[in-house]
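Participant: Sequences listed follow chains A and B, in order.
Every position in the first sequence, counted from 1, becomes a number in the numbering used here once 22 is added.
Every position in the second sequence, counted from 1, becomes a number in the numbering used here once 39 is added.
Simulated from the structure, these hints should not be mistaken for lab results.
This one's a predicted model, so the numbers in the text were calculated from it and none came from an experiment.
C-beta atoms are modelled at their ideal positions from N, C-alpha and C, and glycine is treated no differently.
Be a bit skeptical, because a hint or two may be false.
List time: in silico SDA-like cross-link candidates among lysine to any residue, alpha-carbon distance up to 20 Å [said to hold, decoys possible]:
#1 Lys513(B) <-> Ala82(A)
#2 Lys527(B) <-> His105(A)
#3 Lys44(A) <-> Pro178(B)
#4 Lys527(B) <-> Ala107(A)
#5 Lys527(B) <-> Lys44(A)
#6 Lys513(B) <-> Glu106(A)
#7 Lys315(B) <-> Lys527(B)
#8 Lys527(B) <-> Ile122(A)
#9 Lys513(B) <-> Glu120(A)
Here are a few chain A residues that sit away from chain B, every Cβ distance over 10 Å (derived from the structure) [said to hold, decoys possible]:
#10 Met40
#11 Gly42
#12 Pro104
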Amino acid sequence: VHGGFALAIGSALVNGLMAGGKHPVSIIPYCIVGFEGTILCGTLANLAGVLWHARLGRPALPAGYDERFSRDRFGLLVACEPHEAGAVRSALAPCGAEDIRVV
Amino acid sequence: MSELTYNEINDGVLSPLRPPRRAYWVALVLLFAGIGAALTAWIIQVQLGMGVTGLSKPVGWAVYITNFVFWVGIAHSGTLISAILHLVRSRWRTAVSRSAEAMTVFAVMTAGLFPMVHLGRVWVFYYIIPYPSQRQLWPDFLSPLIWDVCAVGTYFIVSSIFWYVGLIPDLAAARDRFGASHGPVCWRTRLYRRLSLGWCGAASQWRHYGRAYLFFAALATPLVVSVHSVVSWDFAMSILPGWHTTIFAPYFVAGAIHSGLAMVLTLVIPMRRLLKLERVITIDHFEALAQTMIVTTLIVGYAYVLEPFIAWYSGDEFERQFALFRETGWIAPLYWALPLLNVLVPILFVFRKVRRNLKALFAISILVNIGMWLERLVIITGSLSHDFLPHNWLSYAPRPVEITITIGALAFFLFWFFGFTKLAPTVALSDVKEDLLRGRRRAMEAGEAEEADSASREAPRLARSAPGVLAIFKEPEALLAAIRRAKKAGFGRIEAYSPMRLEAVEDALGRRTSPVRYWTLIGALSGCMAGSRWPSARRSSTA
């Protein structure tokens with residue numbers, strides 16, 4: 023991967039065109055290319071980060087997912103062993119759940 | 040809008056995704072015909088050469104470059120509304136941000152056509168792309184035209200990603216709605232399932248999503264300013280009278296946002312009516328847009344006053360004669376139309392009655408669009424047609440090929456926008472729902488104090504197939520209470536699901552700041568600096 027500055031400086035050195043006795047590399051105008059590279063690669067890395075950490079890209083939905091969660095309902099999944107289900111139910115019951123089920 | 044329920048918002052925004060009526064198809068065919076006509080005109084131009092256009096010496100840039108600058112400018116307000124207003128927590132943006140983002144992407148696509156159309160020999164367009172060719176000829180990064188390629192290319196990629204990432208939770212809502220009504224094998228359900236990338240609205244997803252969206256906004260904000268500044272330097276870096284001025288960057292950026300906001304009004308006012316979105320997109324949203332336009336109107340007006348003032352104050356003979364030419368030469372009718380269309384007409388938005396009148400808003404937005412297109416034409420052709428040498432002065436008029444391609448480009452833009460309105464949610468569903476909830480935020484925040492002790496322990500993330508007990512709640516407050524009770528009862532492996540981001544829930548779950556920030560930082564630093572010299576460069580330096 024080449025950043026904006028590396029791309030601009032590398033290109034100038036490959037071309038090696040001397041104009042008016044000046045060095046082919048000129049840092050000030052390359053700041054624009056460096057800036058665009060910063061934004062572009064920062065955005066792509068940000069996208070990669072959210073895809074990775076939010077586990078996106080896997081079409082399978084989690085067990086017990088209810089389609090109402092994308093509409094107007096809120097869900098809480100408490101992971102537990104089968105023998106603990108009763109205890110979880112009784113802990114959640116006073117909170118006004120519309121539906122409680124084992125998944 | 041505050042009287043709506045989450046379900047009503049869902050229905051209101053997703054209902055327009057139903058199969059279109061005949062009028063929609065007729066409009067689509069007409070737009071397609073416009074694109075076909077432009078394509079035909081372009082093929083004629085490629086076959087016969089640039090002589091079929093009105094371009095000549097000295098006016099080598101005219102309508103095509105005008106269109107490029109105009110459409111890049113149109114693209115600006117989408118990112119302004121989405122990114123900048125997101126950073127400043129402006130609430131009114133949510134209803135129009137999605138359409139504005141879509142407009143941004145389609146406008147950049149339209150703008151991107153014109154450098155190729157203008158090039159004439161389109162088959163050598165790839166010369167401008169920085170890659171190691173067999174001749175070792177690389178683009179010169181000292182040229183503003185190459186900066187333009189970098190800036191507009193970056194803007195297109197960043198805007199597209201920003202738009203798509205914002206769409207993911209809403210595509211999941213569309214997936215669930217069509218899955219329930221049409222079944223899992225319906226093409227729309229399958230399309231939205233693929234595009235939503237397995238989004239389930241888990242708190243662990245919202246945490247990373249919220250952080251990443253903030254970074255997208257933070258990265259896009261300076262990009263908005265940079266892109267049109269770079270476009271303005273295509274002109275300002277030259278020495279032509281009228282172009283060689285330091286006000287061009289802010290002048291272009293303000294003008295771009297001005298025209299972009301006008302285009303949002305032009306598109307969203309009829310879209311709201313046709314898709315029956317009146318309850319979600321209200322007159323208050325349009326009023327806020329109009330108020331923002333007052334600011335851009337004043338900046339553009341200031342630039343219009345400043346241009347002739349600088350010409351006079353500089354004492355430069357060429358600048359003075361050029362200012363006089365604009366005011367009295369063949370271009371004068373167009374020049375004098377600019378303050379009328381771009382300043383005096385939109386300044387009417389200072390009156391509340393005008394801001395809240397849809398017909399007035401729509402009419403003014405169209406006049407501003409025309410005015411801003413003319414502004415670019417006056418800037419570009421004016422300086423070229425009246426430079427330092429009187430024997431070189433000439434006028435310019437577009438030929439049918441240029442006019443056809445210009446109209447076809449508008450059809451191209453509208454074609455994509457029409458497609459968008461029937462394939463994706465046109466309003467940011469999760470953002471609008473979050474806005475609704477914000478009114479009740481105090482109740483949510485009251486519970487946060489109680490989370491302080493539990494927040495120190497981060498709830499581990501669950502596997503997708505983890506067995507357990509699932510509880511469904513109607514209100515987020517109940518969800519919060521349930522999380523507290525579950526943690527108090529000793530159950531730490533929990534996950535919450537919601538149709539919008541709930542920061543209080545993330546806090547209650549004890550989740551810490553998303554590590555996405557490290558990805559972004561490393562990406563940005565490597566994008567700026569990282570790299571090495573090419574082997575050929577080493578060869579030449581050692582030779």
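Participant: Regarding the pair Lys315(B) and Lys527(B), is the alpha-carbon distance no greater than 20 Å?
Facilitator: violated (47 Å)
Participant: Taken at face value, is the distance from the CA of Pro178(B) to the CA of Lys44(A) at most 20 Å?
Facilitator: This hinted pair holds, its Cα atoms lying about 18 Å apart.
Participant: With the threshold set at 20 Å, check whether the alpha-carbon distance from Lys527(B) to Ile122(A) stays at or below it.
Facilitator: holds (18 Å)
Participant: Within a Cα-Cα threshold of 20 Å, do Lys527(B) and Lys44(A) meet the stated pairing?
Facilitator: Violated: Lys527(B) and Lys44(A) sit about 72 Å apart, past 20 Å.
Participant: Hey, Lys527(B) versus His105(A), does the alpha-carbon distance stay inside 20 Å?
Facilitator: holds (18 Å)
Participant: Is the hinted pair Lys513(B) and Glu106(A) satisfied, with a Cα-Cα distance of at most 20 Å?
Facilitator: With Cα atoms ~25 Å apart, Lys513(B) and Glu106(A) exceed 20 Å; violated.
Participant: Run the distance test for Lys527(B) versus Ala107(A): straight-line Cα separation, threshold 20 Å.
Facilitator: holds (16 Å)
Participant: So is Pro104(A) really clear of chain B, every C-beta pair being over 10 Å apart?
Facilitator: The claim breaks: Pro104(A) does not keep its Cβ more than 10 Å from every Cβ of chain B (closest is about 7 Å).
Participant: Next pair to validate is Lys513(B) with Ala82(A); report whether the Cα-Cα distance is within 20 Å.
Facilitator: Measuring from Cα to Cα gives roughly 25 Å; hence the hint is violated.
Participant: What's the verdict on Lys513(B) and Glu120(A), does the C-alpha distance respect the 20 Å limit or exceed it?
Facilitator: holds (7 Å)
Participant: Beyond 10 Å from every Cβ of chain B: is that where the Cβ of Met40(A) lies?
Facilitator: holds (13 Å)
Participant: When you look at the beta carbon of Gly42(A), is every beta carbon of chain B farther off than 10 Å?
Facilitator: Check passes; 12 Å lies beyond 10 Å.
The structure is inconsistent with the numbered hints 1, 5, 6, 7, 12, although it conforms to all the rest.
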